[in-house]
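Undergrad: Whenever a hint applies, use it, and build me the whole structure from the sequences.
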Amino acid sequence: MADGTDMRHAWDVFGRADQLGTLNLLTPERRQAATRSVRTGVTFGLTLPLDALTTPPFGRVALQHETYAANDFSWGDSVTALDTQSSSQWDGLLHVSHKSLGFYGGRNEGTLATTPLGIDAWARTGIIGRGILVDVAHHWGTTDALVGRALTAEQLHEMLHAQGTEVHPGDILCLRFGWMDAYRALADSRHEQYMARPSCDGVSAVEGTAEALWNMQVAALVADNPTVESQPGSRSAGFLHHRLLTMLGMPLGELFDLDALAEHCRAHGTWDFLFTSVPWNLTGGVASPANAVAVV
119 MADGTDMRHA
129 WDVFGRADQL
139 GTLNLLTPER
149 RQAATRSVRT
159 GVTFGLTLPL
169 DALTTPPFGR
179 VALQHETYAA
189 NDFSWGDSVT
199 ALDTQSSSQW
209 DGLLHVSHKS
219 LGFYGGRNEG
229 TLATTPLGID
239 AWARTGIIGR
249 GILVDVAHHW
259 GTTDALVGRA
269 LTAEQLHEML
279 HAQGTEVHPG
289 DILCLRFGWM
299 DAYRALADSR
309 HEQYMARPSC
319 DGVSAVEGTA
329 EALWNMQVAA
339 LVADNPTVES
349 QPGSRSAGFL
359 HHRLLTMLGM
369 PLGELFDLDA
379 LAEHCRAHGT
389 WDFLFTSVPW
399 NLTGGVASPA
409 NAVAVV
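Just so you know, my numbering puts 378 at position 260 of the sequence shown, and the rest follows in order with no gaps.
Fair warning: there could be bad hints in the mix.
[To be verified] The following label-pair restraints were derived from C-beta to C-beta distances:
| no. | residue 1 | residue 2 | range |
| --- | --- | --- | --- |
| 1 | PRO287 | VAL265 | 26 to 36 Å |
| 2 | ASP169 | VAL265 | 24 to 34 Å |
| 3 | ASN333 | ASN189 | 56 to 66 Å |
| 4 | ARG126 | PRO287 | 17 to 27 Å |
| 5 | ASN333 | ARG353 | 22 to 32 Å |
| 6 | GLY402 | VAL179 | 15 to 25 Å |
| 7 | ARG302 | ASN142 | 35 to 45 Å |
| 8 | PRO287 | GLY224 | 24 to 34 Å |
| 9 | PRO287 | GLY244 | 13 to 23 Å |
Honestly, the hints are just simulated from the structure, not real lab data.
Note that the structure is a prediction, hence the values are computed from the model and not measured.
Just so you know, even glycine gets a beta-carbon here, dropped at the ideal spot from N, CA and C.
TA: Next up, the structure:
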């Protein structure tokens with residue numbers, strides 16, 4: 119246990135200077151094995167448009183983009199504002215720090231210059247491996263993903279068993295809660311108020327969840343909601359971002375577009391695929407647009 123908390127850390131598993139966290143589980147052998155999940159060659163983009171949310175969550179800045187004529191025969195893009203977390207995105211290991219324990223590996227602001235932790239480390243290899251999808255909304259039979267239900271580790275195991283999916287070390291676990299459908303059903307006039315403090319179905323934040331994901335050797339956790347974990351949270355459950363990002367070095371993907379992929383998986387009864395993503399090579403970056411594709 120980390121001092122003064124109920125959280126276990128994995129800072130010595132890959133070394134205190136590590137920048138990849140559980141992405142270390144994506145070995146060349148596992149990437150190669152992941153290609154066996156390609157059956158048809160059909161692809162599904164998993165990234166929402168950068169301007170999909172006119173009001174991004176938590177007061178983040180919306181995309182401001184325009185094109186311009188560079189000369190008589192060519193055009194360019196001008197982006198005057200872009201928050202890397204305003205649409206489908208990866209939370210990097212710099213996204214959250216614990217008040218007393220710091221960032222992943224025990225880093226603090228004073229040590230980041232010598233032991234960096236930016237998302238550019240992920241860009242150098244990409245996030246490529248076997249993806250598995252669990253359509254939580256379908257298993258629950260729910261249509262309103264804004265309620266705040268918490269998916270427990272026990273429920274996750276039951277869903278995986280029900281759909282016949284075995285988790286392999288290094289898998290990228292993708293959870294569809296049906297958030298985009300529920301968000302689109304809101305009146306436009308409610309978007310700004312809702313996004314200030316979004317409530318949503320998500321993963322339970324208790325320590326048992328982190329323990330289960332670690333024991334499954336999941337390389338990254340992805341969801342279609344704004345926070346991965348259920349909201350509103352509670353002091354008793356804790357903060358899953360601390361448990362996974364800070365303590366275990368497990369990347370979190372938020373606001374991924376999983377709807378079309380889920381429809382395909384339901385129709386064919388297969389829930390694994392080749393997952394590919396290349397985060398931005400942004401030196402010292404906290405987060406990145408997802409740039410993710412599933413190949414089924």
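Undergrad: A separate judgement is required for each hint: does it hold in the structure or not?
TA: Okay, the hints, checked on the actual structure:
1. PRO287 to VAL265: 26 to 36 Å: 33 Å, holds
2. ASP169 to VAL265: 24 to 34 Å: For VAL265 against ASP169, whose Cβ atoms are near 27 Å apart, the range 24 to 34 Å holds.
3. ASN333 to ASN189: 56 to 66 Å: Taking Cβ atoms as reference, ASN333 and ASN189 lie about 58 Å apart, which means the hint holds.
4. ARG126 to PRO287: 17 to 27 Å: This hint holds: roughly 18 Å between Cβ atoms.
5. ASN333 to ARG353: 22 to 32 Å: At 25 Å between Cβs, range holds.
6. GLY402 to VAL179: 15 to 25 Å: 19 Å, holds
7. ARG302 to ASN142: 35 to 45 Å: Hint holds: Cβ distance 37 Å, inside 35 to 45 Å.
8. PRO287 to GLY224: 24 to 34 Å: At roughly 25 Å between Cβ atoms, GLY224 and PRO287 fall inside 24 to 34 Å, so the hint holds.
9. PRO287 to GLY244: 13 to 23 Å: Because 18 Å falls inside the window, the suggested range holds.
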